[in-house]
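With the hints as constraints, model all of the structure from the sequences given.
Taken in sequence, the protein lines are chains A and B. Heads up, the first sequence is in numbering that gives the first Met the number 0, so the first residue is 0 and it goes up one at a time. Heads up, the second sequence is in numbering that gives the first Met the number 0, so the first residue is 0 and it goes up one at a time.
The set of hints was computed from the structure by calculation and includes no laboratory data. Predicted model only: the values in this text are computed from it and were never measured. Hints should not be assumed to be uniformly reliable.
Stated by the list, open to error - Derived list of chain B stretches under chain A, where covered just means 3 residues or more per stretch with a C-beta under 8 angstroms from a C-beta of chain A:
hint, region
1, 7 to 17
2, 22 to 32
3, 93 to 100
4, 109 to 118
Said to hold, decoys possible - FRET-style restraints, in silico, Cβ to Cβ:
hint, chain 1, residue 1, chain 2, residue 2, range
5, A, Asn155, B, Pro208, 53 to 61 angstroms
6, A, Gly61, B, Thr113, 22 to 30 angstroms
7, A, Glu274, B, Gly14, 55 to 63 angstroms
8, B, Arg17, A, Thr53, 29 to 37 angstroms
9, A, His56, B, Trp38, 40 to 48 angstroms
10, A, Ala174, B, Thr113, 34 to 42 angstroms
To be verified - Going by beta-carbon spacing under 8 angstroms, a handful of chain A positions derived as facing chain B:
hint, residue
11, Val47
12, Tyr64
13, Gln65
14, Pro70
15, Val76
16, Ala82
17, Ile95
Heads up, the beta-carbon is just placed ideally off N, CA and C, and yes, glycines get one too.
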Amino acid sequence: MIVSQNLTKQYGDKTVVSDLSFTVRPGVVTGFLGPNGAGKSTTMRMLVGLDSPTHGHITIGGRRYQDIPDPVRHLGVMLDARAVNPGVTALNHLLIVGQTHGIATARAHEVLDMVGLGAVADKRAGGFSLGMSQRLGIATALIGDPGVLVLDEPVNGLDPDGVLWLRQLLVRLAAEGRTVFLSSHLMSELSLIAEDLVVIGQGRLLIAGTVDEVIESVAPQMTRVVTPEAARLADAIQAPGIGVRRSDEGTLFVTGRTTREVGIIAAAQSITLYELVTERASLEEAFMHITRNAVEYTSHEEATV
Amino acid sequence: MTTAFAVPTFVVPPGPERITAGRLLRSEWRKLWSIRALWMTFAAAFALTIGLCAYMIVDGTTLGGADAGHIPFGWTGLYPVGMLVLVVFGVLSVSTEYASGSIRTSLTVAPRRTGVMLAKAAVATGVSAILAAAVTVLLYLLLQTMGTVPSAVGMSLFAPDMFWGALGGTLMLPYGALFGVLLGWLLRNAAGAICLYFGLFQMGPQILPTFLPESLAGVTDYMPLAAINIMRSGGLSNEPYGIVTASIILVAWLAVLGGIAWWRLKKFDA
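Structure representation (structure tokens):
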């Protein structure tokens, strides 16, 4: 479990991370979201002791990363896939990392095979594509078989096959009870694998919770129903706390009732339904809404989606 | 944050894998021989030392002549060339990590940082010292085989007239490597560290007296190369100080450079 409490980082007058508190629980994949310059990478760097917090602290299993005698076995991290000496082979890079902890050479081969780089173990990292570098970075993070995995933009540069592989790997690791914490700008990808989200902007926590909670904080889930008897169904659904909006002759948008409840009411009234679906905002729409006032760097032209 | 259902929690099983001094040394040793730029620079330092000294021994004109013929360890006179390359090697062993970004991996794997710094310094110094000793023995054997230096013919390597000069020359090689490592940690940048070395430590003794007031001109006597010259003179030179003072000066330079570099490494973000 990762716990950040009042984490603050200042560079001179500029506050990059401000009073940031959140918890990343084990057993699920947690997405770490924020616009460019939000402080995600700085937070991750503070997690592994590369940067020192100005105030507050961030711990793994209740301990500072620097205080763990065998850190690689507790936390595997990939902050920058290209942060490898280009003259070193993939295998030697892993051995350089693993030998600091006495990790067996066989484990280095094992993780190289796991990430699909077994065939290029003796190739120099300088000749790797971005996708191959990402795989090597993930292998580096996995070499200690850690309980916590922290990955910064792990999907960058991966081909579709690699994205699918990574998705399955992360879900499997989380299912084993590990803590998986990753940042990504690919909302569609995160919405497929993340159960929890931590969203920050300009160094501050904007929202944390499950994906559903985050999305519903922006736009409540709605049930859309298409029926030839919209007026009669609207009357039947109405109740205190229930919202019904009619968009055209036969379409209703209902808030406060699930598709199941609407279906049961319609059946009880013998009302024919043509469509009955749940509608909610996408993660991308929710993210844009949540971070609309916390964007550090933006183009002058407004983005159109 | 809510938990919809109970999830298992992965517990890291107890195991022998943890950071130790020996393991950090092994990791740094692997870096040394697996990074091409490092081992090539390292090999070049010793190849140059062996090649130039061997030529002088075989030729015998200079070493056996009237000026140097009475100095049995005169063949170590070209060791400073090797030392110069070893300074560059030491700087590169650190600066390549910063240039490639792999320092973040190194300091993440061993987050207390001091161990990484000490291991890198120990490996560079230790390996240089072993090879320097081997090179000295090799060149001594060549010297005896060729017999081109009359004062050294038949003299044991451990005879005082031979030993102290040979030891001083030999030690300057690992000293150069260590000096370079500490400069690398201090500046983290190859160009900056090498410029500082050449500008201040190599050229300084010639340039600085021009700019310094007369009362401070003697400062250059306390720079590393001046102390090294005393060390490798084997007792033939005791001006302006002797071997003990020279040793203290050399260690003090390492302590100052290493202390500032360590403080910087611990204090600032990586």
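| message | A closest beta-carbon separation below 8 angstroms is what the hint needs, so does Ile95 (chain A) meet it against chain B? | response | The hint holds - Ile95 (chain A) has a Cβ within 8 angstroms of chain B, the shortest such distance being about 5 angstroms.
8 angstroms C-beta test of the region 22 to 32 of chain B against chain A, three or more residues: Per the Cβ count (6), the hint holds.
Margin query: Can you tell me whether the CB distance of Gly61 (chain A) to Thr113 (chain B) sits inside 22 to 30 angstroms?
Written below: holds, 24 angstroms
- request: Grab the minimum C-beta distance from Pro70 (chain A) to chain B and call the hint holds if it beats 8 angstroms, violated otherwise.
  value: Hint on Pro70 (chain A): holds, closest Cβ of chain B at ~6 angstroms, below 8 angstroms.
* Asked: Taking the beta carbons of Ala174 (chain A) and Thr113 (chain B), is their distance inside 34 to 42 angstroms?
  -> holds, 38 angstroms
- Query: Is the hinted range of 40 to 48 angstroms satisfied by the C-beta distance from His56 (chain A) to Trp38 (chain B)?
  - Reply: holds, 41 angstroms
Check: Can the region 93 to 100 of chain B be counted as covered by chain A under the rule of three residues or more with Cβ-Cβ separation shorter than 8 angstroms?
Finding: Satisfied; 4 residues make the cut.
Inset, instruction - Could you say whether the range 53 to 61 angstroms given as a hint is met by the Cβ separation of Asn155 (chain A) and Pro208 (chain B)? - result: Between Asn155 (chain A) and Pro208 (chain B), where Cβ atoms are some 56 angstroms apart, the hint holds.
Exercise. Close enough to count: is the Cβ of Ala82 (chain A) nearer than 8 angstroms to one in chain B?
Worked result: holds, 3 angstroms
Given hint Val47 (chain A) near chain B, where the shortest CB pair must fall under 8 angstroms
holds, 5 angstroms
Discussion item. So is the region 109 to 118 of chain B in contact with chain A by the C-beta rule, three or more residues under 8 angstroms, or is the coverage claim wrong?
Written reply: holds (count 3)
Original post:
Quick one: are Arg17 (chain B) and Thr53 (chain A) within 29 to 37 angstroms, going by C-beta?
Top reply: holds, 30 angstroms
Checked against the numbered hints above, the structure violates none of them.
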